[in-house]
Amino acid sequence: MTRGLASLRRINPTILVFVVLLAAICWMSPLYRTPAGLLSLLQRAAPVVILSCGQSFVLIAGGFDLASGSLITLVVVACALITGGDAGWTWVALLASYGIGAAVGVVNGVIVARGKVPSIIATLGTLLSVKGIAMMWSGGAPGGYLPANLRFFGRYVWRHVPLVGRFPVAVVVLIISIAIMAWLMHGTNFGRLLLMIGDNPRAAELAGAPVRRFRMLTFVISALASVTAGILLGGFSGVSVDVGTGYELQAISAAVIGGVVLLGGQGSMLGAVFGGLTLYALFTLLNLVGFPEPMRVAVQGIILIAAAALSARRGRRI
Amino acid sequence: MSGAAIPRGGLAKFRLPLALVICAAVVYAATALGTAQGEQLSWSGVMGLLQRMVALGIVAVGQTLVLLVGSIDLSVANLISVSAVIASHVMNGNTDAIALGVLAAIAIGILVGAVNGVLVAKLKVSPLIATLGVGLVLQGVLTTSYETLAGSVPASFRVLAYGRVAGLPLAILLLIVVVALAGFVLARTAAGYRLYGVGGNVQTARLAGIRTDRFIIGAHIAASVTAAISGLYLASWLGAGTPWVGRDGGYDLDSIAVVVIGGTLLSGGRGGVAGTIAGVFVFATIDAVFNMLQIDPFLGQVLRGVIVVGAVASYTIRTKAHVA
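Read top to bottom, the protein sequences are chains A and B.
Here the first sequence stands for residues 573 to 890, numbered as in my numbering.
Here the second sequence stands for residues 41 to 364, numbered as in my numbering.
Hints listed in this document are in silico derivations from the structure and should not be mistaken for laboratory results.
Where a beta carbon is used, it is the ideal one built from N, C-alpha and C, also for glycine.
The reader is advised that the hints may include incorrect statements.
To be verified - Non-contacting residues of chain B with respect to chain A, defined by C-beta distances greater than 12 Å in every case (computed): (1) G78; (2) E79; (3) V86; (4) M87; (5) K164; (6) A170; (7) V174; (8) S185; (9) A190; (10) R246; (11) G279; (12) V300; (13) S354; (14) A361.
Said to hold, decoys possible - Short derived list, chain A residues pointing at chain B, Cβ under 10 Å: (15) R605; (16) V833; (17) A884.
Claimed, not checked - Straight-line distance between alpha carbons at most 25 Å, and here's what the computed PhoX-like set of lysine-lysine pairs gives: (18) K360/B / K688/A; (19) K688/A / K162/B; (20) K53/B / K360/B.
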């Protein structure tokens, strides 16, 4: 019995919050009471969850990545301009997007790990530059559209799937992304060393961990996750300047809600996933109760502070 | 208090700010002459350049205090918007209500600063998260209620931004007063020295008998009040407050960037307002030079990002320790 209680207390409280929110959503709207309805919720939550997982790598290793929002914008703009609406160019555009993402991640990583610039300043700089590049490339007014086979990842839904009926492609992308990142974090020495680096970089270095290289890699992972999220978002919502705006803060909020401790050293992919799901479920619920759209931001702020204050109270250093 | 926490006396501590200002001024002058825009070097041209520093400069002074105690304030941009909107709502074109509008804006500044400070010092929330969260709350509430809050400032309040005293714009005098006040407190009072102590090492400062919580909360209140003053200035400059004036100006991250460029450590305990003002001057000249060269605004944004990172890296690249 005591062991049962102890394991109950060890469960990430975010999961309980998510279950409560989900129950409230199902109670409010019959749309979500079917497997198809829940899958469509997952489909729309996919970008935030993927971003939150990618951001967690950076946060766990002790940094911040503020550039993910503008990288999403750049990816969507790049896809629109490279394909020009022509389906034949989709694969080129996808490859180019991941190339751009890797480049931005490497630049962030080099500035932080080699230049010793605090990551909040470094990624702020790349945020400005990446957004500027997106605007320059598109001549100031991103337009055009994405070909159907590129939007496939974000919005296509397979029909007549046994058991669930409809199955969105984005959920498959989500599951694969989570699997890769969870394996990196929890199944490899790389991930374990990241926790150590985040907790005490000096100690990790003395113990022989390649601190600089691993720190750099966290920014690359976060950037690649942003590219994936950008491809999904481009599929949902099309091409605009604002497509990525605010997502960096949503990703950080989601990771904090999930219990990834800022400035490093703690956290898990499970927490990051449920942090992202909780944030999205909360937005959905606020929509259902007719909460004014701009107030969502205020609620995000309160939840963020509450989550951080709670983890501070639970004796962790945040 | 450790030696590192106390600012070095004499002219030595002004070496870096002076170097920054001279470099920026030379680039500015060279660009003005090179592009045959000599009028930029006239009295009014230079005053125009200095006036660009006011909004960012005032809030950056507050940000300096917060960074010196080892905290950070990401809520200033949204607070600037709140202050500008509240001021123009309360004044609503009415000259008699100016004092009330100014008081309302400052009061909200004090309140927000106290909330930030208590979250950081008492509830031990990471300052990044606490002030980010407070900023988001301000943004959400303001965007939702803006339609009922619209208003404008009376013409007599616009003197703050456009008036002149003996040829010197009033706004620049305001900036000078704020900078002088903060500089005096930091360099010449016991409170200022203790503030450096708290930022240098909270534990040591507490053991030395300093009430560290009070300094952290006080610095947050000061930062929020400077944000409120910047908001008042922007309302006066633009004639009315809008809920996006602070965010569009990028005052949260810009204010941090100029403080860091001015040599204040993000981790606290070292730096000062002289460097910050030099950083603000650098930002103002970058904008002016891009304007004179007619650089595409988006390319300007790219270059600005590169300059911020490059400037900070030039100090940090030699540090041996790992940074977050």
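Hint-by-hint comparison with the structure:
1. G78: Correct as stated: the minimum Cβ-Cβ distance to chain A is 30 Å, above 12 Å.
2. E79: holds (29 Å)
3. V86: Consistent with the label, V86/B stays out of reach of chain A, its closest Cβ about 27 Å off (over 12 Å).
4. M87: holds (28 Å)
5. K164: violated (4 Å)
6. A170: violated (6 Å)
7. V174: Non-interface label fails for V174/B: nearest chain A Cβ at 7 Å, not farther than 12 Å.
8. S185: violated (9 Å)
9. A190: holds (15 Å)
10. R246: holds (16 Å)
11. G279: holds (24 Å)
12. V300: With a cut-off of 12 Å, V300/B comes too close to chain A, as the shortest Cβ separation is near 6 Å.
13. S354: Violated, since 9 Å does not exceed 12 Å.
14. A361: violated (7 Å)
15. R605: violated (30 Å)
16. V833: Check passed: Cβ of V833/A comes within 8 Å of chain B, closer than 10 Å.
17. A884: holds (4 Å)
18. K360/B / K688/A: holds (8 Å)
19. K688/A / K162/B: violated (31 Å)
20. K53/B / K360/B: With a Cα-Cα distance of about 23 Å, the restraint between K53/B and K360/B holds, given a limit of 25 Å.
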